[in-house]
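Peer 1: Residue numbers (the working numbering): 5 to 167.
Among the hints, a few may not be true.
[As the list claims (entries may be wrong)] Listed below are the simulated EDC-like cross-link pairs for lysine to aspartate or glutamate, each with C-alpha atoms no more than 16 Å apart in a straight line: (1) K13 <-> D65; (2) K49 <-> D124; (3) K61 <-> D51; (4) K81 <-> D106; (5) K75 <-> E161; (6) K13 <-> D84; (7) K61 <-> D105; (8) K109 <-> D84; (9) K81 <-> D105; (10) K13 <-> D105; (11) K13 <-> D51; (12) K75 <-> D51.
Note that these hints are calculated values from the structure, not bench results. None of these values were measured; they are calculated from a predicted model.
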Amino acid sequence: WIYEATPGKVRRLTWDDYRAELVALNSDRQRKKKQEIVTWVLEPKTDLRREQAAAMKGYLDSQLDRRYSVKGIVRGKTSDGIHCAELASQALNAAGLADIDDCHKQSPAAVRNIAGPLCDPAYRASFAAQAAEETWCQRAWRRWTHAAVMCRWSWGEAWRFCW
């Protein structure tokens, strides 16, 4: 499973679904900007013990559908939402692999540096393969749906910053 805190909420996807999303995004990017979205994958040097894996999965499952928010990292205190690096650092803590204080203040680079010694060297997962050819209507619908999700999230996030 891939657990991801992304604008909107925390979600869980299969590797194949995650890959398909990035292939579609890359298809759009390569068509217009000649850029590629990549993922850097870290794998543990040793397998997690059963209880470590259960604790990590239990924590991550408890976060599903939690609101995504950068308020904690911006304001320097915990909030009702969660961002990607906070989710990852809390998961490492839950498994007993790290003892990270102030998880809401962590950046993705900081979490990568903490997890680095526990993992094999990161490898680059490329998703440059062309997606199945979509019609203009299909591409437009996907883009506008994504834009609507981002607008709804950013409006709600901005509103919550006021309180």
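Peer 1: Decide, hint by hint, whether the structure agrees.
Peer 2: Here is what the structure says about each hint:
no.: 1; hint: K13 <-> D65; verdict: 13 Å, holds
no.: 2; hint: K49 <-> D124; verdict: 5 Å, holds
no.: 3; hint: K61 <-> D51; verdict: 14 Å, holds
no.: 4; hint: K81 <-> D106; verdict: 8 Å, holds
no.: 5; hint: K75 <-> E161; verdict: 8 Å, holds
no.: 6; hint: K13 <-> D84; verdict: 12 Å, holds
no.: 7; hint: K61 <-> D105; verdict: 20 Å, violated
no.: 8; hint: K109 <-> D84; verdict: 14 Å, holds
no.: 9; hint: K81 <-> D105; verdict: 12 Å, holds
no.: 10; hint: K13 <-> D105; verdict: 23 Å, violated
no.: 11; hint: K13 <-> D51; verdict: 29 Å, violated
no.: 12; hint: K75 <-> D51; verdict: 34 Å, violated
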